[in-house]
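Participant: Each chain, letter by letter, is given below.
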Amino acid sequence: MGRKRKLTVPGRFEYLAAIADFISEAGSEANFAQDTIFHVQMSVDEACSNIIEHAYRGQDQGEIKLSSECKKGEWIITIQDTGRPFDPRAVPKPNLNIKVDDIKTGGLGLYFMHQLMDNVEFTFDKKGNRLRMVKREA
Amino acid sequence: MDITTNEYKRCSLVSVSGRVDSNTAPGFEEALKAVIEGGQRNVVLELSGVSFMSSAGLRGMVSSLKACKKGGGDLFIATPSDRVSEVLKLAGLTSLFSVYDDVTAAVGDF
Chain A
1 MGRKRKLTVP GRFEYLAAIA DFISEAGSEA NFAQDTIFHV QMSVDEACSN
51 IIEHAYRGQD QGEIKLSSEC KKGEWIITIQ DTGRPFDPRA VPKPNLNIKV
101 DDIKTGGLGL YFMHQLMDNV EFTFDKKGNR LRMVKREA
Chain R
1 MDITTNEYKR CSLVSVSGRV DSNTAPGFEE ALKAVIEGGQ RNVVLELSGV
51 SFMSSAGLRG MVSSLKACKK GGGDLFIATP SDRVSEVLKL AGLTSLFSVY
101 DDVTAAVGDF
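Protein chains in written order, with my numbering: chain A, 1 to 138; chain R, 1 to 110.
Derived by calculation from the structure, the hints in this document are not laboratory data. We put the CB at the ideal spot given by N, CA and C, even for glycine. You may find that some hints are simply not true.
Computed footprint of chain R on chain A, listed as stretches where at least three residues anywhere in the stretch have a Cβ under 8 Å from a Cβ of chain R [stated by the list, open to error]:
{"#": "1", "segment": "12–26"}
{"#": "2", "segment": "38–50"}
{"#": "3", "segment": "99–110"}
Chain A with its partners taken away, still in its complex shape:
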């Protein structure tokens, strides 16, 4: 089974590819299926993009700290930032099942995270935002 891995990157979009590689290596080491690895990559990508865009309101405003812990059939991802408090309840749900002119894609990233991961939990304290996501594999 895999070990606990950590990665800290600057809050810049150019590091999303490196984050994806980090997830891929962690998942492969723990023998998770490729589909599972992809789902976690997607969710982490969306989360980190949201941190840069919304918590930091732009690039180069802070770091993103990730940790990956793999237990038997369970993959725990924790992502921390020091940006503005994030309230997931304030994010509108995307509206995609309508005419193309009326489509609203805001909130799609958060929607993906909830669809792809088994648990998504946001907390905030004086250090900043902490996101904990869990993916389970049968």
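Please build the complex by placing chain R on the supplied structure of chain A, with the hints as guidance.
Facilitator: Frame of chain A; chain R shown alone:
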């Protein structure tokens, strides 16, 4: 991410490969915008080489589709990679776009 564009009589074929994420999505959108604002309202977006597409990429596709339709045209997706197909399905966008398994068929339908 790499983008190549080929012009045909009735449409432009835009082939994309690599990652389409928040880092590369602006370039992806700009490339499509350049084609559409250059006067071509019909676009075939060939995505067999896309290894990863996030919501940022999807937003670019939706905005490009809107622009094409506003000009009286359309945007078709051709040969999406498995990952792109999965993301389109997850987002519930499979009915919004016309998706083709064959580039020639997509180009020919314009």
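Participant: Give a verdict on every hint.
Facilitator: Against the structure, the hints:
1. Judged by the Cβ-Cβ criterion of 8 Å, the segment 12–26 of chain A is covered by chain R as claimed, because 5 of its residues qualify and three suffice.
2. Interface restraint, the segment 38–50 of chain A with chain R: holds (6 residues with C-beta to C-beta distance below 8 Å; minimum three).
3. Residue count for the segment 99–110 of chain A with a Cβ under 8 Å from a Cβ of chain R: 6. That meets the three needed, and the coverage hint holds.
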